[in-house]
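Trainee: Using the sequences and the hints, build the whole thing.
Chains as they are written, first to last, in numbering that gives the first Met the number 0: chain V, 0 to 108; chain U, 0 to 108.
There may be inaccurate statements among the hints.
Any copy, or any two copies together, can satisfy a pair, since identical chains are not distinguished.
[Stated by the list, open to error] Here are the computed lysine-lysine pairs in the PhoX-like style, where the Cα-Cα straight-line distance is at most 25 Å:
(1) Lys92 - Lys65
(2) Lys65 - Lys6
(3) Lys73 - Lys92
(4) Lys65 - Lys5
(5) Lys108 - Lys92
(6) Lys65 - Lys108
(7) Lys108 - Lys59
(8) Lys6 - Lys59
(9) Lys73 - Lys21
(10) Lys108 - Lys21
(11) Lys92 - Lys6
(12) Lys6 - Lys108
(13) Lys5 - Lys108
(14) Lys21 - Lys59
(15) Lys6 - Lys73
To be clear, the hints were calculated from the coordinates, so they are not data collected in a lab.
2 protein chains.
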Amino acid sequence: MSTVIKKDEVLLENIGEGVTRKVLTYSDNIMLVEICFETNSIGALHSHPHEQCTYVLSGKFEFTIKGERHIVEKGDSIYFSTNDEHGTLCLEKGVLVDVFTPKRDDFLK
Amino acid sequence: MSTVIKKDEVLLENIGEGVTRKVLTYSDNIMLVEICFETNSIGALHSHPHEQCTYVLSGKFEFTIKGERHIVEKGDSIYFSTNDEHGTLCLEKGVLVDVFTPKRDDFLK
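Mentor: As structure tokens, then:
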């Protein structure tokens, strides 16, 4: 069923030093997540079987993907293949919109 | 293969009066799209078999989903089920991030 989620209806989770996450709309097949980073905060290297797209809503980030570094800013985007190891260092405070297929069940516990 | 797309590397398409679209990163299973709306511009009612999530990056929009109206603003999000008819009227100039599973082949022609 189609669903509208207002920004204040969702739980803001503190998931690390300077990093907060909101799981927004999702179904079994797709999940939209907003993640806020303070300057110098880190999304540690990790991998998962889900495919992922990331949209940089604001700020500046250094991503490491399979050992290669990429600087991204507002309006840039990234596609992550299944199981490709990736992580990020926030160079300037900002927000990422991450989307996954299928949904991240580990985010719903 | 994981891919980084800089905002200026992608085609800006004019898809209607006051509406422009950028198809950003995608694979067969997921597609990230940025759509800019001028005030009073319209995304006409339509439906598609793809599941969709929409994130409101900025502005204010009135969505119609299966005949029901919903006002959404920055940080709000919507999940659209397969084939649910939807459209939008932009109340205040803004940007939507739309994500689809699977990808929209009709956007790649």
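Trainee: Work down the list of hints and note, for each, if the structure agrees.
Mentor: To see whether the hints hold, each was checked on the structure:
no., hint, verdict
1, Lys92 - Lys65, "within (24 Å within a copy, 38 Å between copies)"
2, Lys65 - Lys6, "between (33 Å within a copy, 22 Å between copies)"
3, Lys73 - Lys92, "both (11 Å within a copy, 18 Å between copies)"
4, Lys65 - Lys5, "between (35 Å within a copy, 19 Å between copies)"
5, Lys108 - Lys92, "neither (27 Å within a copy, 37 Å between copies)"
6, Lys65 - Lys108, "neither (28 Å within a copy, 31 Å between copies)"
7, Lys108 - Lys59, "neither (30 Å within a copy, 32 Å between copies)"
8, Lys6 - Lys59, "both (23 Å within a copy, 13 Å between copies)"
9, Lys73 - Lys21, "both (19 Å within a copy, 14 Å between copies)"
10, Lys108 - Lys21, "within (13 Å within a copy, 34 Å between copies)"
11, Lys92 - Lys6, "both (20 Å within a copy, 19 Å between copies)"
12, Lys6 - Lys108, "within (20 Å within a copy, 34 Å between copies)"
13, Lys5 - Lys108, "within (21 Å within a copy, 34 Å between copies)"
14, Lys21 - Lys59, "both (19 Å within a copy, 20 Å between copies)"
15, Lys6 - Lys73, "both (20 Å within a copy, 8 Å between copies)"
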